[in-house]
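There are 2 protein chains.
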Amino acid sequence: MSLKLTILGCHSATPRTFAHPSSQFLEINNRFFLIDCGEGTQTLLRKHKIKFSKIKHIFISHLHGDHYFGLIGLISTFGLLNRQTEIHIFAPKGIEKIITLQLKLSKSWVKYPLIFHELDSKKSESIFEDDKVEVFTIPLKHRIYTNGFLFKEKTKERNLNIMEINKYPEIEICDYQNLKNGKDFTLKNGKIVKNEKITFDPPSILQYAYCSDTAYFENIIPLIENVDLLYHESTFLEDKKDLAKSTKHSTAKEAATIAQKSKVKKLLLGHYSSRYKDENLFLKEAQTVFSNTELSYEGKTIEILPA
Amino acid sequence: MSLKLTILGCHSATPRTFAHPSSQFLEINNRFFLIDCGEGTQTLLRKHKIKFSKIKHIFISHLHGDHYFGLIGLISTFGLLNRQTEIHIFAPKGIEKIITLQLKLSKSWVKYPLIFHELDSKKSESIFEDDKVEVFTIPLKHRIYTNGFLFKEKTKERNLNIMEINKYPEIEICDYQNLKNGKDFTLKNGKIVKNEKITFDPPSILQYAYCSDTAYFENIIPLIENVDLLYHESTFLEDKKDLAKSTKHSTAKEAATIAQKSKVKKLLLGHYSSRYKDENLFLKEAQTVFSNTELSYEGKTIEILPA
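As given, the protein sequences belong to chains A and B, one line each in that order.
Every number in our numbering is 331 more than the matching position in the first sequence, counting from 1.
Every number in our numbering is 331 more than the matching position in the second sequence, counting from 1.
Possibly wrong hints are sitting among the right ones.
Where chains are identical, the list cannot tell them apart; a pair therefore holds if satisfied intra-copy or between any two copies.
[Claimed, not checked] Below 27 Å or equal to it, Euclidean Cα-Cα: the simulated DSS-like pairs (lysine-lysine) are:
id, residue 1, residue 2
1, Lys572, Lys597
2, Lys442, Lys424
3, Lys435, Lys472
4, Lys442, Lys571
5, Lys592, Lys576
6, Lys472, Lys442
7, Lys424, Lys438
8, Lys472, Lys438
9, Lys631, Lys438
10, Lys594, Lys572
11, Lys442, Lys572
12, Lys608, Lys382
13, Lys428, Lys438
14, Lys442, Lys579
15, Lys631, Lys378
16, Lys631, Lys498
17, Lys571, Lys335
18, Lys378, Lys608
19, Lys428, Lys442
20, Lys424, Lys435
21, Lys594, Lys615
22, Lys579, Lys438
23, Lys511, Lys428
24, Lys579, Lys435
Source of the hints: derived by calculation from the structure; they are not laboratory data.
The whole structure should be built from the sequences, with the hints applied where relevant.
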């Protein structure tokens, strides 16, 4: 029950030898997710020893090349490796046509189930849910249709306070699930026993929000409030605030302002423009607003344990 | 007037940290050509300091991903770099749809002219010609429609033998171009002066043949006879001859046999399967048949001067 994020690529625009476009690998509550898939992602997965077999769900924020040009190669490689287990792709409308056209023309249709979940809603929605994790879109403000993603551990059951429960012989084992789910108990005499009197709070849940690419956009604040970790793009510094505005990107200070207003616990910067040679400038600028900020870099891992 | 080939990637199937899929950069008679464009090619171009501005013509052998998945990224990067000069793409039918679909969905149409020359002929044809170089397809035998490419310096003009010419006062300066083009000269008395008597042979022309991917295929021999350099795929060794046959690839020995029968001057092997850890085994096997064989590796350059 921890959250572990590995940064594969965290630079904007074009891949270079030591600056890879967006891609991250997230482990949360024993579920594994690949987030964005720039050119070269499969090579970085190998380099950082992330097993391909762990990947079953891939989330693509938007259809700018630095966020998805590595997807067709990864899908093909899964095929060459004789993968059998299914892959789910969550991405903007159009992705299925792009991928299937290429598989068709190469006559290399993959043998594993390749399932597309195309996104086109402008409202936040739940797009994945199992017993451990739920994933929501975070609609962002960019030049084309773009979503961030909120990865949220499922609400855990309350723990039973057996000592208190035993004071009420009317409560039977078959009632326990209702108590774990937070329900009060009504005694035969009509008196109500409040749930919090007979249960303990569940362990805290962990949440990770990925927001890239986006202009400064306060609409996301209610969606990402209090998350344990926020990755927010910071393509530019304040010296290029106009350029950030016209290209619908954010400055490091703007990312930090969103982090502060959302009361997140930690901010991770990334998607740096290659015009800046010293990435510490991003950190310094952000920390004037939000001190618990860190820089992304290839191979960095962040692990967060529940409070 | 030399031929210089730089190997960017020369491995088959999936990209790895130190094994990149097919891509080569050719300089011939002051013309520059990119041949195949596997994932990561743009990063390798930067690494080996090949200027993007030199690339105007890109040749794609076939639509298996390890030969073209890097193309959309390169095209996009050209756009981000504000390229103005045109790019010509020579590739199997389908490439235009693949590229334009992705540019359209990203709303990132490039501002430079992007010109597609889609190939679907099963016969060798001239697909590019200027005053310096001509390029022909070499139809290959693979699982999908595939061409190799023959890059051939243009036939050069014959050199005038002025001392001999001066013996015939009837030959005037305005006749020289005909002589350079190889024509005989007819004197007023009806007597013919043979061209070879009054001109010298032109400098020899250089030819490079790229043949990947292909099964052993003797039909290509007349097309590549006597070339200065032949790159012929050698995905397997003879120990996997059956696999080579079923996947329509070649063994190192088969590549060498083609080189020998075509009387090429030098053979370059590549497109190695990752199952072989020691690439010297390819060299050894080929050299049992054709001694002037070399191995491709990332960053290797071969320069050939005219005889």
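Item to check | Structure versus earlier hints, numbers of those that do not hold, lowest first | outcome: Numbers 9, 16, 17 and 23 - these are the hints that the structure violates, sorted from lowest upward.
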